[in-house]
Structures are given as structure tokens and as C-alpha cells.
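Q: Residues per chain, in single letters:
2 protein chains.
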Amino acid sequence: MDRKINIVIDTFGGDNGAKVCVKGAIQGIKENPNVHIFLTGKKEELNKLLSEYEYDKDRIEVVNATEEISPEEHPVEAVRKKKDSSLVVGLNLVKEGKADAFISAGSSGAILAGGQFIVGRAKGVKRTPLAPILPTSGKPSLLIDCGANVDAKPDVLNQFAEMGSIYMENIMGVKNPTVAIVNIGTEEAKGNALVKETYPILKANKHINFIGSIEAREIPSGKADVILTEAFVGNVILKMYEGMAKMILGEIKGAFLSNFKSKIGALMVKSSLKKVLKKFNASDKGGAPLLGLNGLVVKIHGNSKEMEVISAIKQCTKFVENDVCGKIIEGLKAEEEE
Amino acid sequence: MDRKINIVIDTFGGDNGAKVCVKGAIQGIKENPNVHIFLTGKKEELNKLLSEYEYDKDRIEVVNATEEISPEEHPVEAVRKKKDSSLVVGLNLVKEGKADAFISAGSSGAILAGGQFIVGRAKGVKRTPLAPILPTSGKPSLLIDCGANVDAKPDVLNQFAEMGSIYMENIMGVKNPTVAIVNIGTEEAKGNALVKETYPILKANKHINFIGSIEAREIPSGKADVILTEAFVGNVILKMYEGMAKMILGEIKGAFLSNFKSKIGALMVKSSLKKVLKKFNASDKGGAPLLGLNGLVVKIHGNSKEMEVISAIKQCTKFVENDVCGKIIEGLKAEEEE
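So the sequence lines, in the order shown, correspond to chains B and D.
Here this note's numbering runs 149 ahead of the position in the first sequence, where the first position is 1.
Here this note's numbering runs 149 ahead of the position in the second sequence, where the first position is 1.
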């Protein structure tokens with residue numbers, strides 16, 4: 150029999166409240182027979198929400214947590230002080246080995262800080278990157294790093310390239326994933342000091358399939374499986390993705406509603422457009438993994454619905470079944486020894 | 150009588166050949182009574198193209214240049230070696246004081262290098278930023294810097310903020326333009342080392358209307374008039390703009406063509422959509438100015454048509470009439486003396 154997979158869902162911090170976490174958990178245990186779920190949050194509320202469903206009571210456990218961490222709080226301080234928050238209680242379950250993975254729609258800063266300080270870095274890992282999946286007009290790409298490691302050094306980026314490759318291979322099923330570094334030109338001599346220093350290290354790394362530089366304009370077309378960059382630039386790319394999509398789609402919606410003829414036309418293109426837009430909805434890809442920890446921490450969008458929770462449960466299951474943590478430790482060790 | 154304004158148009162390097170430059174020049178002198186134009190490039194070809202029009206022969210002058218600089222060449226080497234290229238011949242006219250401004254659709258790298266090495270920096274200017282106009286769902290923003298100054302220091306960024314403000318006020322007619330620095334959060338304590346160091350300098354600068362940090366997701370909504378960032382990040386933002394717009398519009402086009410019903414619907418929304426897309430066409434805003442030189446150098450898109458050339462001529466005219474060069478020198482001097 151396969152091993153039991155224990156997953157924590159932090160039920161606080163999402164825009165849609167604890168109910169989408171509960172609904173996702175119920176469906177998650179149905180779809181993944183080895184999964185056991187801990188729901189951290191307000192016991193009374195969670196039990197009330199759970200009472201509306203028929204499910205195997207042995208497979209979903211409520212762990213009471215009385216405090217909440219909001220995005221406005223200083224992440225590191227909040228994680229230190231609020232010992233009884235749903236986030237800290239949940240991450241401690243991973244730290245103590247009671248759980249393999251942790252999912253939260255809460256404060257990004259607190260998730261990054263808590264992952265690093267409570268769960269802790271795996272052996273050999275210098276920094277822990279946050280790596281969201283970007284929808285593209287081709288295959289989805291992993292953007293690594295969008296986390297807290299601004300001004301990271303070349304050796305750190307090199308590790309990120311390896312972790313990202315292992316993730317794409319094991320979770321997204323991409324064989325020999327391509328890695329490209331974000332640059333302002335495609336020639337090897339181009340770039341800022343960090344890129345120029347990192348490029349030859351990546352080129353010499355036998356454990357990754359490095360294909361050189363990628364200009365930001367090529368990112369939306371899905372030119373590489375792993376898009377490597379330092380966290381400041383990674384954040385800018387991720388936010389440009391969101392901002393541009395919102396702006397362009399908003400303008401188009403405005404155009405559709407601008408007169409009677411266009412309103413009728415919009416009704417006729419609606420179903421075809423929906424298909425396209427679905428492609429850009431990453432809700433079936435799970436959340437953004439925080440890699441390199443002793444366990445998996447997944448950040449899902451603040452506005453996640455049960456679909457995102459279910460996908461994240463599946464993502465955690467794959468992560469554990471394929472021993473991605475172990476593979477990262479092995480991979481970095483092999484690189485270190487060369 | 151107003152002073153004569155002399156503008157060079159480099160006729161090599163654009164995707165649409167010399168003919169759009171000639172057509173733009175013909176229209177440019179009609180619209181701007183004080184403008185005199187130098188066309189640098191192959192004399193025979195240019196004279197042949199000009200012969201198709203009726204125009205005031207005293208106001209358009211062909212200056213022969215036998216060499217061409219392609220985007221594949223190393224910019225600095227090309228500018229040094231190809232003394233008889235349309236780009237170098239044109240920039241020398243500005244250097245010698247025969248022209249006030251220079252417009253080119255050629256190699257960005259060569260324009261940046263030539264601007265700096267041939268035309269030269271104005272007094273007090275540390276670095277010369279390239280500052281394209283970004284279309285947004287609100288007012289257009291100036292993105293400064295997208296040039297060659299990667300890894301710029303805080304004092305350099307502070308100068309860019311001033312130059313960008315002077316440009317927006319004098320060319321785009323924005324009173325007291327707002328300046329925001331690109332960051333990964335809006336709190337003052339957020340950011341990488343460069344942003345953290347630059348932030349208090351901008352805050353203390355009395356010559357600009359600094360409104361704090363801007364996250365990349367807010368850029369497409371036009372939240373600030375001047376978007377300040379180091380050139381590596383600026384390039385990423387600019388290329389994401391292009392790449393995302395191309396990708397999303399491509400996907401939407403695909404959706405429109407996917408079946409008969411959507412094709413009919415597309416015909417009905419077409420005119421409304423065109424109005425929206427026109428907003429994102431910056432062809433009426435001129436090109437990207439390279440600021441802080443002893444003169445104005447304008448980079449227009451490689452695929453520019455005569456409309457862009459005409460807009461750039463107007464932009465150069467405004468620049469000279471409002472003495473933006475002088476204002477930049479004065480502004481930086483005042484800041485230095487404080």
C-alpha cells in the first residue's frame with residue numbers, strides 16, 4: 150500500500166473564507182485515496198462547515214488555531230509572535246513531521262517567512278524560492294524566483310535552476326525541461342552584472358538543460374519550461390502578467406459594451422473567448438510552491454476557490470509521491486560534489 | 150520669427166525602408182513651419198524618392214552616407230568604425246551644432262552608444278536614459294530607464310527622475326508630473342538594495358513630485374506619470390508590455406476565428422475593438438527620447454511608418470522650442486547646489 154500523505158490547509162487568509170478550504174478538502178480526499186487533511190483555523194466554524202458534508206471522519210482533522218495573520222502585518226514579526234495562528238500552527242505540523250505539505254491562501258510574506266523559519270531549509274539549500282506557474286500561449290512555464298530572495302547571488306540562482314527543473318520534471322511531467330535566464334538580449338555578453346556572472350555557471354551545469362537567455366517579450370509565448378530570474382525581476386514579471394491581462398481584458402470588455410452592435414457581437418464570440426481565457430486560468434495547476442524546504446509549502450491565490458484547493462492537494466500528493474524533496478537534496482549534493 | 154529647428158532623420162535601419170522617412174519628412178515640414186530636415190542615407194535612392202513629391206527644396210537636405218549599421222553588429226564597435234554610416238553621419242550633424250535633434254529606427258544599441266559617444270552628455274548629466282512612453286488604460290506614462298545603464302546607482306536614478314519629470318511637463322504637457330519607483334511592495338521598507346537606497350533620496354528631492362513605490366501590476370493602469378526604474382528592470386517591463394499584448398491579442402484573434410458564429414460576432418465587435426487598440430498604439434506620441442544629451446536623440450520603432458516619423462518630428466520640435474536640454478541642465482544644477 151502507498152504511504153499516507155498528510156496535508157495541512159490553512160483556512161484563514163483567503164478572500165473566499167474557510168468554506169472553500171473545507172469544500173476543497175472534502176473533494177480532495179475523495180480524489181486522492183492516500184491523503185489525510187489537517188484543517189487549521191477556528192474549530193467551531195470548521196466543524197460547522199464540515200457538518201454539512203458526508204465524508205470519512207478519519208481523513209479530515211480540525212486543528213484549532215485562535216489567531217490570524219493579515220497581509221498588513223510585518224511577516225517575520227507576525228510569524229514569531231502569533232504562535233496560535235492558523236499559519237504557524239499549520240507549519241509546525243510540517244516541522245514536527247506530522248504533515249508533508251502545507252497549503253495557504255494567506256499573507257505571501259508570512260508564508261515565505263514561516264516556511265523558511267518554521268519548516269526550515271532542506272540540507273544543502275542556500276535559499277528557498279517561490280516558483281509560480283505562468284500560463285503561456287504554449288506550455289506553462291515555471292517562473293523561479295518570485296520569493297523573498299532579492300539580490301540573490303549566482304550560486305543561489307544556479308540552485309534555483311536545478312530545483313525548478315526537478316519540479317517541472319516531477320510535478321508537471323516535462324522531460325528534460327529547458328531553463329532560460331531572463332535577460333535584456335540573447336547574446337551571452339548581454340545583461341547586468343548578476344546575469345553575466347550567472348550565465349557561465351548555468352552553462353557549465355550538467356544537471357540542467359540550459360538554453361541561454363530569454364527576453365521578457367518571449368516569456369508569454371512559453372519559450373522555456375523554467376524561467377530563471379532574481380526575485381525582484383521575478384516579481385515584476387509576475388505582476389506585469391497580472392496587470393497587463395487585467396488591463397487588456399478590461400479594455401476589451403469596455404469595447405464590447407460600448408454599443409448595441411458590439412454587445413450582440415460579444416454574445417456571439419463569448420463561448421470561443423471563454424475557452425481561450427480558461428487557458429490563462431492556472432487554477433488546475435495548483436499554487437506556487439516554495440521549494441527547498443523540509444516539506445512542501447504551497448501559496449495559492451488570495452481569491453482561490455475550491456478548485457484551486459483541490460489542485461493544490463493533488464500537487465502536494467504528486468510532490469510527496471515523487472519524493473521531490475529528496476530529489477532536490479540529492480540533486481544539489483551531486484552538483485556540490487562536482 | 151521663431152528660430153529654425155534642424156532635425157536629422159537616419160533613413161537606414163527601419164523595417165519599412167527609406168520611403169517612410171521621406172514621406173514623413175515631406176509631411177513634417179508642412180506641419181511644422183520652422184523645421185528643416187536632413188535625411189542621411191544613400192543619396193541616389195533618397196533623391197529618387199524625394200522626386201515624387203512637390204516640396205520646398207530648401208527645407209529638406211540629403212546628406213550622403215554610404216555605410217549601414219545593422220542590429221547584429223556590436224554597437225560600440227560599429228559606431229567607432231563606420232564613420233560613413235547614416236547613423237554616425239547624422240549624429241555628427243548634431244554634435245557639430247548643425248542639427249538640434251536626430252531620429253532613427255535603426256539599431257537600438259548603436260543609437261544609445263552613438264548618442265552618448267558622438268553627441269555627448271550635457272553638463273552635469275551622469276548617465277543618459279532611454280525613456281519610452283507606455284500606453285495605459287489611463288494617461289500615458291514615461292518609463293525611465295530602458296537604456297544601456299544597467300546596475301545604475303541611486304544618484305543616477307535620482308537624475309533620471311528629474312529628467313523624466315521635465316520631459317513629461319514640457320513635451321507631454323503634464324503639470325507637476327508624479328514619479329513612482331518600481332518596487333515589489335508599496336511600503337518604504339520593501340525592495341532590493343538599490344530601491345531601498347534610492348527611495349529616501351527621491352523622497353528628499355524637492356524638484357520632483359515623488360509619490361512612492363509602484364508595483365508592476367499597477368503600471369498598465371497609468372498610476373504614475375514617470376515610472377522610475379533601473380534599465381534591466383525597465384527593459385523587462387517594456388518587453389513584457391509588448392509580449393503580453395501580442396500574446397493576449399493573438400489568442401483572442403484565434404478565438405474569433407475558431408468557428409462560424411464567432412467569426413460573425415468578431416465582425417460586429419471589430420470597430421469598437423479597433424478604437425480600444427488604437428489607444429495602445431503609441432505612434433502619435435513620437436519615439437523614445439534618449440535624454441541628457443547635448444541635443445535630442447529619438448529612437449522610433451523598427452517597424453515605424455510615416456505616422457511615427459511625423460510624430461517624432463513634432464516631438465523634436467517641441468523639445469527644442471521648450472528648451473528641454475537647457476531645462477535639464479538647469480534642473481540638475483539646482484539639485485546639485487542644494
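Fair warning: there could be bad hints in the mix.
To give a feel for the contact side, a few chain D residues facing chain B, derived at Cβ under 7 Å [as the list claims (entries may be wrong)]: (1) G273; (2) T327; (3) I360; (4) S362; (5) E364; (6) V382; (7) V385; (8) E391; (9) I397; (10) E400; (11) K410; (12) A415.
Treat the hints as calculated values from the structure; they're not laboratory data.
Glycine included, C-beta positions come from ideal geometry on N, C-alpha and C.
Q: Does each hint fit the structure? Answer for all of them.
A: Hints versus structure:
no., hint, in the structure
1, G273, "violated, 25 Å"
2, T327, "violated, 18 Å"
3, I360, "violated, 17 Å"
4, S362, "violated, 12 Å"
5, E364, "holds, 5 Å"
6, V382, "holds, 6 Å"
7, V385, "holds, 4 Å"
8, E391, "holds, 5 Å"
9, I397, "holds, 5 Å"
10, E400, "holds, 5 Å"
11, K410, "holds, 5 Å"
12, A415, "holds, 6 Å"
Of the hints listed earlier, those the structure fails to meet are numbers 1, 2, 3 and 4, in rising order.
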